[in-house]
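**Q** Listed below are the residues making up each chain.
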Amino acid sequence: METILHGFLIASGPSQLLFCFFGVLLGTLVGTLPGIGAAATISIILPLTFGLDGLTAIIMLSGIFYGAQYGSSTAAILLNIPGTSTAAVTCLDGYPMAKKGLAGQALLITTMASFFGGSIAIILLMGVSPMLAKLALQFGSSEYFAVMLLGLVAAFTLNADNVSRAVAMTFFGLILGTFGMELTTGVRRYTFGFPEMTEGISILVLTMGLFGISELLQNVSRRDTPAPLIPSYRLRDMLPDRAERRRIYGPCLRGTAIGSLIGALPGAGPTIAAFLSYSVEQKISRTPARFGKGAVEGVAAPEAANNAAVQAAFIPTLSLGIPGDSVMAILLAAMTLHGIIPGSNFIATQPDFFWGLIASFWIGNLMLLVLNVPFIGMWVQVTRIPYHYLAGIVAVLIFLGVYSVRSSFFDVFLVILIGVVGWGLARHRYPSAPLILGFVLGPLIEEHYRRVMLISRGDLSALWESSISLSFFVASLLLSTLTIWRLIGAIKRDRVRR
Amino acid sequence: MSNSSQSHSQALLDATVALGLMGAAAVCAYLAWGYGIGDLSAPGPGGFPFVLSVGLFISAFVALFAPIRQLIAARGATARNAGSETEGTSGGAELMIRAAALVTILVIWALVMKWLGFAVAAVGGIIAINLLSGQKSLRRAIVFSVILTAGCYLLFSTILGLPL
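Same order as they appear, the protein sequences are chains A and B. Sequential numbering from 0 applies to the first sequence in numbering that gives the first Met the number 0. Sequential numbering from 0 applies to the second sequence in numbering that gives the first Met the number 0.
This list has only true hints and no planted wrong ones.
Take a look, some chain A residues computed to stay more than 12 Å from chain B by CB distance: (1) 252; (2) 350; (3) 382.
The calculated label-pair distances, taken between Cβ atoms and stated as ranges, are: (4) B:103 / A:285: 55 to 63 Å; (5) A:49 / B:18: 37 to 45 Å; (6) B:18 / A:380: 46 to 54 Å; (7) A:180 / B:116: 27 to 35 Å; (8) A:49 / B:136: 30 to 38 Å; (9) A:180 / B:96: 35 to 43 Å; (10) B:138 / A:2: 56 to 64 Å; (11) A:490 / B:30: 32 to 40 Å; (12) B:18 / A:466: 39 to 47 Å; (13) B:107 / A:383: 25 to 33 Å.
Source of the hints: derived by calculation from the structure; they are not laboratory data. Keep in mind it's a predicted model, so treat the numbers as computed, not measured. Even glycine gets a Cβ: it sits at the ideal position worked out from N, Cα and C.
Please put together the full structure from these sequences, using the hints given.
**A** Put into structure tokens, the structure is as follows:
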């Protein structure tokens, strides 16, 4: 209790409060706007945080991540436009509610469910992270190798529709992570004669290319139709009645439980949590036919789930140093750039940072509650900003952001190349998230693998000798088997259909 | 373009991407071999990338199956609909032209930034992207571009101290 109070003291500093506010404000803004995701925004904003201290920078960048989840529901409900992939689920019942004249209730329910899900997951984060970090103190290289392998396996097995493509992207990311000088031997790998490649590809260049330039290319043909004018709402009109309130308690709790579990798993993310919680609600409902036509449960459960998942995703990142999804991988890279190395010793050695960050999540969630309920009209107006203005802003910030890291024009050309390749791959359904995870985890996996092999003198079984690493290997094997089984089933069903 | 013809060209592109990844994997494996593979007790600098390259090659090869199956399925239908190729191709072609134009703008922007500095390059680049993304008024594009460039210059150069 003392530690969290101390965290609140740290997070309540004027600059921490100010940048937390900037973060959640920007997050809500990009969540509302379709076409600019949290990953792209965090990558673009990251170079601007180099002048800040590490904690303030991460408070702001995290605020963008969870703020985007709140903001995305507004445009999803009022305009049927999902600002993020998670909000696509909210559209299913939120927009029909708005068409029935219940937009105010839907908006308030999503905000309350988001706050509830986020808050419970923060409590979980406070309890589980120190325990996991204590367990991780027993980890050696073989255990780290095994848990990172599990993270990568989870990342591609959860992409059930494109497993082979997701596996290919994971390997592609792992290979990109090996670019540059190999530290043990000093050999330059894949530098192609460019001295700038000696340090490898910067995570910022990779993410700005994959998410920033790629999104610019994806939206180049977008033509905005003016969003309709939305009437303003009074808080009194937005309050759900008693029957509706009774109907959302259960979905909120179940959504939070699913979101917390999925979010804490390495490789999973808020989108999967939102879709899973929606399908659970539909399955257990006595009146499943109401879903898709404006059921309040279909709005409350996924919103609680995706916000819980976003907060729970910090558990493996902070306590093990292993990111759960692509946005967490960027945040992990941001921490590293600010000289903060999360892992098993992180909570013990940097308690001020850990508890300050957690306290900032509470503060940020409260700020979002204030930002979202009374200012809904303002967020709707944001969706009316024409895309051609946003494209210019995104392009100039990418160029300046990339250039600012090393004052290198090579990086500016590299970001364009990566953007074009990423856009081409995305057009053919090759997901970017496993690539980012592979890129971040690749050098760590190589380091731990090399260490185990050197200590054991080339005995491969040393990788699964301990019970902890063996259990991670078994989990990876089970996940892989399950995915192959599902794939075979899908192929068989496809044949029968034909 | 008819549905079968569309799926035929989509499958062809999918197959090309998978083949491209297989090619990239082969190049990476070849280079990794040159760095020295080593053995299990003393892994060389090329050992880990070599294993990854083999993994990429195999997964890209598996990803090739689906488009090849589609190509075989669409072959007959495409032959039947060979006469109606031109209908409806403009959407995809327009996207590709716009994407190519955007990449050209970005490359020219980077080159101009290298030779003439940030301000000139950014003003021109933002105007071009603005117009390409649907801005109809040149005057508004110029005003927006100048304001944005000035704002960014102030933020990055004056406040953050980045030499532009």
